[in-house]
Amino acid sequence: MGFKNTIAWYHFSSPKNFYPLAGRLIPWFWGAAIVLLTVGLYMSFFVAPTDYKQGESYRIIFVHVPAAWMSMFIYLVMAGYAIIGLAWKLRMAEMMASALAPTGAMFTFLALWTGAFWGKPTWGTYWVWDARLTSELILLFLYIGYMSLQSAIDDPRRASRASALLAIVGVINLPIIYWSVKWWNTLHQGASVSPTMAPKMASIMLTTMLIMSVAFWMYTIAVVLMRARRVILERERQTTWVMEMVSGESRAGSGK
Amino acid sequence: MSEFLAMGGHGFYIWTSFGVTALFMVVEVIVVKRSRRTVLKQLARLARANMRRSQGSQGQ
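The listed protein sequences derive, respectively, from chains P and B. When the letters of the first sequence are read in order and numbered with this note's numbering, they come out as residues 1 to 256. When the letters of the second sequence are read in order and numbered with this note's numbering, they come out as residues 1 to 60.
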């Protein structure tokens, strides 16, 4: 089994094999994302009860927490690919890292945005410079820095290497975000869900939040695979298989 | 219905949060699809140019 797995890893770490595989997987992740989002949104508004303390505004948790989790998970996965790309010079890993960044940045922004609109009715302010909010803002800057660095360097391989270093150094910010609510006296509440404690929320609310989180994961995988396919086309344009595929498609007359 | 939209006075905050999240997620997909089409078009143009060159001067 180990041997077979190794073969599969080798096989799909080549952009030529990854491209069609991703193309086949994308519709499944879209299907899962749409089903889970529908269920999750229905539960967010019609099943989950009103909170006795916060009233209805707490429902923002169903997008805020999944977005915030994604912002950190995506960064971790991106840095993982960056390390693999640096250590083994795997082109596909480099391309995956750069395909993840925009979606990670988007979820970071959304975590901040939904947090602001939850903070206003609960704390009375859209923004405070507390440790949680500030470190999440730094995460957004890390993503933006990563993407700007990549687009600033013309040679894609050098761009990948430089931005990979930035991504890896930036990992230090993740534990700071995660434990900020413990280390500092923040206005932001402590973790609602943690591996060591029983969840501090009603199970229907927790279930809804988890469904929304899985839905965001499925969305992320689908959209990142789509972006990865575009990155492959751009960066492998000189290879015969891309040229053959493109000329085949343009001869068939479909520009899709 | 309007009671549902009002969300006990928190409608503005809830709908701004959910709305902007949905908007971003939809726009991201559109942007990715569009950029893919642009790249494919560029590559197809390149491929046609290459083909013409390799076929000598019989292209238009």
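Since the hints were derived computationally from the structure, they do not count as laboratory data. Note that the structure is predicted; figures quoted are calculated from it, not measured. Where a beta carbon is used, it is the ideal one built from N, C-alpha and C, also for glycine. Take these hints with a grain of salt, some might be off.
Said to hold, decoys possible - Covered by chain P, according to a simulated footprint, are these stretches of chain B (three or more residues, beta-carbon under 8 Å):
1. 2–9
2. 21–30
3. 41–55
Verification of the hints:
Residues of the segment 2–9 of chain B lying with their CB closer than 8 Å to a CB of chain P number 4, which satisfies the three-residue condition for coverage. Against chain P, the segment 21–30 of chain B contributes 5 residues with a C-beta closer than 8 Å to a partner C-beta. That satisfies the three-residue criterion, and the hint holds. A count of 8 residues in the segment 41–55 of chain B with a Cβ less than 8 Å from any Cβ of chain P is obtained; the coverage claim is therefore met, three being the minimum.
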